[in-house]
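First to last, the sequence lines map onto chains X and R. Just so you know, we're using the working numbering here: the first sequence kicks off at 1 and counts up by one. Just so you know, we're using the working numbering here: the second sequence kicks off at 116 and counts up by one.
These aren't lab readings, by the way, just hints derived from the structure by calculation. It is possible that part of the hints are untrue.
In silico lysine to aspartate or glutamate, EDC-like type, Cα no more than 16 Å apart, as pairs [said to hold, decoys possible]:
| # | chain 1 | residue 1 | chain 2 | residue 2 |
| --- | --- | --- | --- | --- |
| 1 | R | 135 | R | 218 |
| 2 | R | 156 | X | 15 |
| 3 | X | 112 | X | 15 |
| 4 | X | 112 | X | 85 |
| 5 | R | 129 | R | 203 |
| 6 | X | 112 | X | 16 |
| 7 | R | 181 | R | 203 |
| 8 | X | 49 | R | 218 |
| 9 | R | 179 | R | 203 |
| 10 | X | 102 | R | 174 |
| 11 | X | 69 | X | 88 |
| 12 | X | 58 | X | 20 |
| 13 | R | 181 | R | 202 |
| 14 | R | 156 | X | 88 |
| 15 | R | 129 | R | 202 |
| 16 | X | 102 | R | 167 |
| 17 | X | 102 | R | 218 |
| 18 | X | 102 | X | 85 |
Since the structure is predicted, the reported quantities are computational estimates derived from the model, not experimental observations.
The lines below spell out each chain.
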Amino acid sequence: AQSVTQLDSQVPVFEEAPVELRCNYSSSVSVYLFWYVQYPNQGLQLLLKYLSGSTLVKGINGFEAEFNKSQTSFHLRKPSVHISDTAEYFCAVRSTTSGTYKYIFGTGTRLKVLA
Amino acid sequence: GAVVSQHPSRVICKSGTSVKIECRSLDFQATTMFWYRQFPKQSLMLMATSNEGSKATYEQGVEKDKFLINHASLTLSTLTVTSAHPEDSSFYICSAASQGVSEAFFGQGTRLTVV
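Can you build the whole structure from these sequences, using the hints too?
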């Protein structure tokens, strides 16, 4: 079964500093990978996704992620964070079994941007 | 992106009563809808997957008689928490996916409090 690991439960970072949120997934023949952001008491908003092609994916709000097949990683990065980036970030993989699919989420990383 | 509307955003009910949560895809046809439960500061736990016109597929450990899911049309799915108890208090989130689209789109979530 597919699984997603987010090693960092919390990441504090100062405003305007760069940040990397780590995500590793269990290996599969083909994989769709996603990063979502969740603000308090809200649903999830898609930041970016990797389906195929270029391993560097750019998303909304200045975020980008790099798909690394050999390391089975899909780390999220932003060169300069803002206070408004404070939120919970979830990495997810789409898992397909017997023709049906579902989304498997990591445990989330709470990004706290400090002034 | 596509819009998924979840209603109500907050509900308080008495122990023993039933509560219905609606999830609507506003501008696309959702062939598959997912229902998640999220505990404070934790990840999303998939409860069930429903395809339009079919019975929902429940994850292991989720009581299908307690959490009734209906996906009667391509734009509406409902989750009914029957005979609610305080331990059912949680944040419930729906998401919807469409054939040919890789990502799922999320509703805003419903905060259920059972008193």
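Hints, verified against the model:
Taken as a hint, the residue 135 of chain R and residue 218 of chain R pair is broken in the structure, with Cα atoms around 26 Å apart against an allowance of 16 Å. A threshold of 16 Å between alpha carbons decides the hint, and for residue 156 of chain R with residue 15 of chain X the separation of about 23 Å lies outside it, so the pair is violated. With a CA separation close to 9 Å, the supplied pair residue 112 of chain X and residue 15 of chain X stays within the 16 Å bound. At most 16 Å may separate the alpha-carbon atoms for a hinted pair to count; residue 112 of chain X and residue 85 of chain X meet this at roughly 8 Å.
Only pairs whose Cα atoms come within 16 Å are accepted, and residue 129 of chain R paired with residue 203 of chain R is accepted, the gap being roughly 11 Å. Our distance criterion of 16 Å between C-alpha atoms is met by residue 112 of chain X and residue 16 of chain X, whose separation comes to about 12 Å. Only pairs whose Cα atoms come within 16 Å are accepted, and residue 181 of chain R paired with residue 203 of chain R is accepted, the gap being roughly 10 Å. Among the hinted pairs, residue 49 of chain X with residue 218 of chain R is consistent with the structure: their alpha-carbon atoms are about 8 Å apart, no more than 16 Å.
Between residue 179 of chain R and residue 203 of chain R the alpha-carbon distance is near 14 Å, which keeps this suggested pair within the 16 Å criterion. With a C-alpha separation of about 11 Å, the suggested pair residue 102 of chain X and residue 174 of chain R falls inside the 16 Å cut-off, and the hint holds. A hinted pair counts as satisfied when its Cα atoms are at most 16 Å apart, and residue 69 of chain X with residue 88 of chain X does not qualify at roughly 25 Å. This hinted pair checks out: residue 58 of chain X and residue 20 of chain X have alpha carbons roughly 14 Å apart, not beyond 16 Å.
For the given pair, residue 181 of chain R sits about 12 Å from residue 202 of chain R by alpha-carbon distance, which is consistent with the 16 Å threshold. Restraint check for residue 156 of chain R and residue 88 of chain X: satisfied, since their Cα atoms lie roughly 9 Å apart, inside the 16 Å limit. A distance of roughly 12 Å separates the Cα atoms of residue 129 of chain R and residue 202 of chain R; the hinted pair therefore holds under the 16 Å criterion. Proposed proximity of residue 102 of chain X and residue 167 of chain R is supported: the alpha carbons are some 15 Å apart, at most 16 Å.
Pair hint residue 102 of chain X plus residue 218 of chain R holds up; C-alpha atoms about 10 Å apart against a cutoff of 16 Å. For the hint pairing residue 102 of chain X with residue 85 of chain X, the CA-to-CA distance comes to about 27 Å; that exceeds 16 Å, so the pair is violated.
The structure fails hints 1, 2, 11, 18 (numbered hints given earlier, in ascending order).
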